[in-house]
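Which chain is which? The protein sequence lines are A and B, in order. 230 is the number that the working numbering gives to position 229 of the first sequence; each next residue is one higher, with no gaps. 169 is the number that the working numbering gives to position 168 of the second sequence; each next residue is one higher, with no gaps.
Quick caveat, the hints were computed from the structure, so don't treat them as lab data.
Since the list can't tell identical chains apart, any single copy or any two copies may satisfy a pair.
Cross-link-like lysine-lysine pairs, in silico, DSSO-like; alpha carbons within 30 Å at most: (1) LYS35 to LYS323; (2) LYS68 to LYS171; (3) LYS171 to LYS64; (4) LYS64 to LYS74.
Treat the numbers as computed from the prediction; the structure is a model and nothing was measured.
There are 2 protein chains.
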Amino acid sequence: MTSSSLSRTESLSLLTLSAACVAILCNVFEGDDKPLIVSLALSGLAFCATFALIRWLGPTFIKAGFKGVDLSKHNRREIPECMGAVCASVYLFAMIVFVPFAFYKDVVAATSGGGNRDVVLQVEHVQEGRFLHRFPHSKLSSYLSAIVSLHTIASLGLADDLFDIRWRHKFFIPAFAAIPLLVVYRVDFGVTSIVVPIHLQPYLGQLVDLGALYYVYMAAVAIFSPNSINILAGINGIEVTQSIVIAALLALNDALYLLTPYPHPATDSHLFSLSFLLPFLGVSCALLCHNWYPARVFVGDTYCYFAGMVFVVVSILGHFSKTLILLLLPQIFNFVYSAPQLFGLVPCPRHRLPRFNARSGLLEPSVTPWTEARQPRAPIAWGLRLLGKLRLLRVVLDGEGRFVETSNFTLLNLWLVWRGPLREDRLAAEITAAQVVVGVMGLFVRHSLASLVFLEDNWSIH
Amino acid sequence: MTSSSLSRTESLSLLTLSAACVAILCNVFEGDDKPLIVSLALSGLAFCATFALIRWLGPTFIKAGFKGVDLSKHNRREIPECMGAVCASVYLFAMIVFVPFAFYKDVVAATSGGGNRDVVLQVEHVQEGRFLHRFPHSKLSSYLSAIVSLHTIASLGLADDLFDIRWRHKFFIPAFAAIPLLVVYRVDFGVTSIVVPIHLQPYLGQLVDLGALYYVYMAAVAIFSPNSINILAGINGIEVTQSIVIAALLALNDALYLLTPYPHPATDSHLFSLSFLLPFLGVSCALLCHNWYPARVFVGDTYCYFAGMVFVVVSILGHFSKTLILLLLPQIFNFVYSAPQLFGLVPCPRHRLPRFNARSGLLEPSVTPWTEARQPRAPIAWGLRLLGKLRLLRVVLDGEGRFVETSNFTLLNLWLVWRGPLREDRLAAEITAAQVVVGVMGLFVRHSLASLVFLEDNWSIH
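Please construct the entire structure, taking both the sequences and the accompanying hints into account.
Structure follows, in structure tokens:
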């Protein structure tokens with residue numbers, strides 16, 4: 002058995018799972034239209050395909066130049082990089098295959114010339130050209146715009162992995178990828194008002210219409226989400242586990258809406274969202290199997306951008322972009338905390354990932370060294386000392402109060418400052434656990450406490 | 002000036018053209034909705050962007066491993082490969098930016114709450130959810146499905162350039178890329194009948210409904226078109242010029258419909274088609290500037306697949322997939338002629354491009370050598386001799402009638418058999434001219450002679 006082939010157990014497990022999923026898909030075509038079941042089955046198939054392809058394609062990727070060295074290991078051998086591209090390809094392929102399933106019943110109803118009265122349709126029957134239609138085109142265009150956005154971000158990620166695009170060039174491209182999303186949002190919903198918290202209503206009224214600003218806000222979310230996943234990275238598995246946690250919590254949020262008695266007005270939005278999240282969870286879990294400590298493959302920027310955009314797509318088209326913000330709190334913290342280095346107030350080395358201590362085998366916070374000649378200017382020195390006192394930074398001073406080194410400004414380093422040296426998988430697990438805790442609290446705030454500051458929840462007005 | 006920067010003249014020309022295009026775009030937003038003008042302006046911008054990016058990104062591509070050696074030159078230096086990826090990126094980006102322009106008026110009408118009675122809409126006003134809509138979602142979903150298909154094929158092409166995917170693996174993938182197209186075709190038109198020629202009507206009736214077979218036919222076109230562009234390749238510029246000729250003739254065909262008094266029933270389809278073809282012509286012309294003899298860049302499989310799929314998209318969604326077949330006649334001939342080597346009846350060397358004679362500087366037909374030990378079997382030998390007699394193959398026999406060598410089965414080699422050794426640009430120009438002649442004849446047949454075998458032309462029944 003070579004490192005690029007599946008073991009007998011793996012082959013058997015994957016084949017069994019695939020066969021089960023195919024059987025489900027075949028049954029669905031005969032029986033009723035159940036997009037959720039189809040989506041689950043496709044997610045299972047996507048998991049199997051991704052798992053096998055990542056294993057098989059390793060040598061091909063290395064040959065094509067997609068390879069990297071794991072700096073946090075004793076044994077520094079080259080492993081395949083950019084395997085997120087496989088995830089993205091399988092995912093997009095699954096979503097395209099899903100199109101006929103998702104619209105199978107609609108297609109039959111729209112083209113059979115009547116007789117299918119059991120299809121619940123919100124549009125009146127439309128006479129268009131020479132043919133009678135009852136097809137939910139708005140649903141299809143939402144769906145397709147999401148695929149276009151995801152495809153665009155996957156290409157951008159791949160280009161970044163191939164060419165190492167400069168930060169300032171690639172930062173805004175997710176906003177362009179979001180254009181189809183925003184057009185569809187505009188024509189399908191066009192809601193740009195936000196509900197004002199009760200305590201502010203005497204001053205601002207019940208609703209504030211943000212107008213074009215709301216689109217700027219959504220574009221900002223589209224820029225932020227992919228980039229924020231991309232900068233909370235650097236140790237095995239962390240990119241994938243944080244994405245799986247966010248996707249799982251978004252799916253949980255969707256499931257909460259689906260548990261209400263049908264037909265809830267938001268059911269369709271959340272079914273839509275689930276149909277994008279489940280295959281994403283499928284391909285991500287397969288990637289995690291290969292990327293968890295000790296990693297046999299790297300995920301590449303492709304995966305980070307792609308994951309971030311999946312969240313943007315479902316939250317904009319599912320109308321819960323504010324819920325997404327709550328789930329991205331650790332990423333937001335990481336970004337804000339990183340700002341001093343990102344914006345050049347503090348020198349930023351090429352790599353800020355935690356430092357591997359070869360003797361102990363543990364990770365320690367990486368540091369920015371300060372020489373005697375090059376000390377921070379007064380206001381920055383004051384800020385660094387303050388952060389040091391607040392235990393938000395490790396600051397090492399010499400006998401005369403000059404800076405010797407400060408830990409780098411990332412959540413991973415900060416966590417190591419707090420918890421002391423940790424093994425790589427332990428650090429990844431703890432950060433993931435923190436993401437889960439913050440996310441669950443975020444959802445709790447969203448659904449329980451929101452009623453304290455808002456008169457009506459989305460549950461009722463959606 | 003380095004080879005990767007623009008000359009002063011080039012910079013000035015591109016800036017002038019860009020400025021003119023931007024000025025047009027700004028004016029369009031103020032005045033009426035003219036998607037054709039917007040499309041023209043975007044095509045100009047796409048030309049400028051592609052021209053500059055191909056020049057600038059040369060060293061980056063070479064560094065990333067996208068490089069190749071031109072076998073048909075004295076000076077065999079490495080030049081950037083896969084520049085079709087730049088074309089595809091700029092094109093897709095332009096098409097995404099075009100979305101808001103294309104639907105600007107509709108968005109205004111759909112969301113302004115009435116008052117815009119001047120919008121010609123074929124659908125009745127639809128009450129959907131809580132908002133009054135008059136948005137042509139079916140048009141948007143056609144548009145988006147086209148972008149998804151093109152994005153998929155561009156990714157496939159890139160993967161092929163990166164990983165050299167095996168022929169049998171990649172052959173069918175265009176069919177999957179076409180799924181969104183076919184779904185939209187199904188719900189928007191669903192016409193699967195073909196008109197029977199007059200002389201056959203007594204036996205078959207006026208219309209024959211092909212049903213599911215029609216979708217198989219469209220999938221076959223989707224597989225054939227990208228692959229057929231890809232195999233008529235091997236000399237500088239030929240991939241691009243054949244694509245430009247086909248795109249220009251399709252645009253001419255569209256223009257014929259637009260010249261009829263508005264509102265012709267097919268106007269919208271052909272406007273749609275033009276809005277996809279014009280930016281394609283823009284990026285292709287920019288690529289040709291760098292790829293024409295002597296080539297400074299190669300186009301890669303990405304370009305060939307992408308070009309082929311653009312034709313599939315416009316012809317399926319514009320309902321003239323049969324017209325496309327007429328324009329692809331040289332490619333069809335090349336494919337059929339290549340079949341003996343593609344299917345292994347005759348040995349197929351790795352490269353079949355014409356042989357460069359370093360002494361004369363001209364191209365000659367490349368050959369498959371036959372040894373005494375390895376002679377073709379009887380039926381194949383008979384076929385080769387027949388082709389040789391028909392001047393469809395150069396056959397060299399030794400004194401005892403044994404095969405020494407036969408020219409390779411490609412249109413380029415056949416042309417060299419007919420015309421004798423030619424310089425590379427001369428060969429490309431002659432093949433392109435042949436493509437123009439055949440294409441114009443095809444369109445003439447389509448529009449003039451079709452009335453002899455069909456009672457009604459698409460002109461009247463759409």
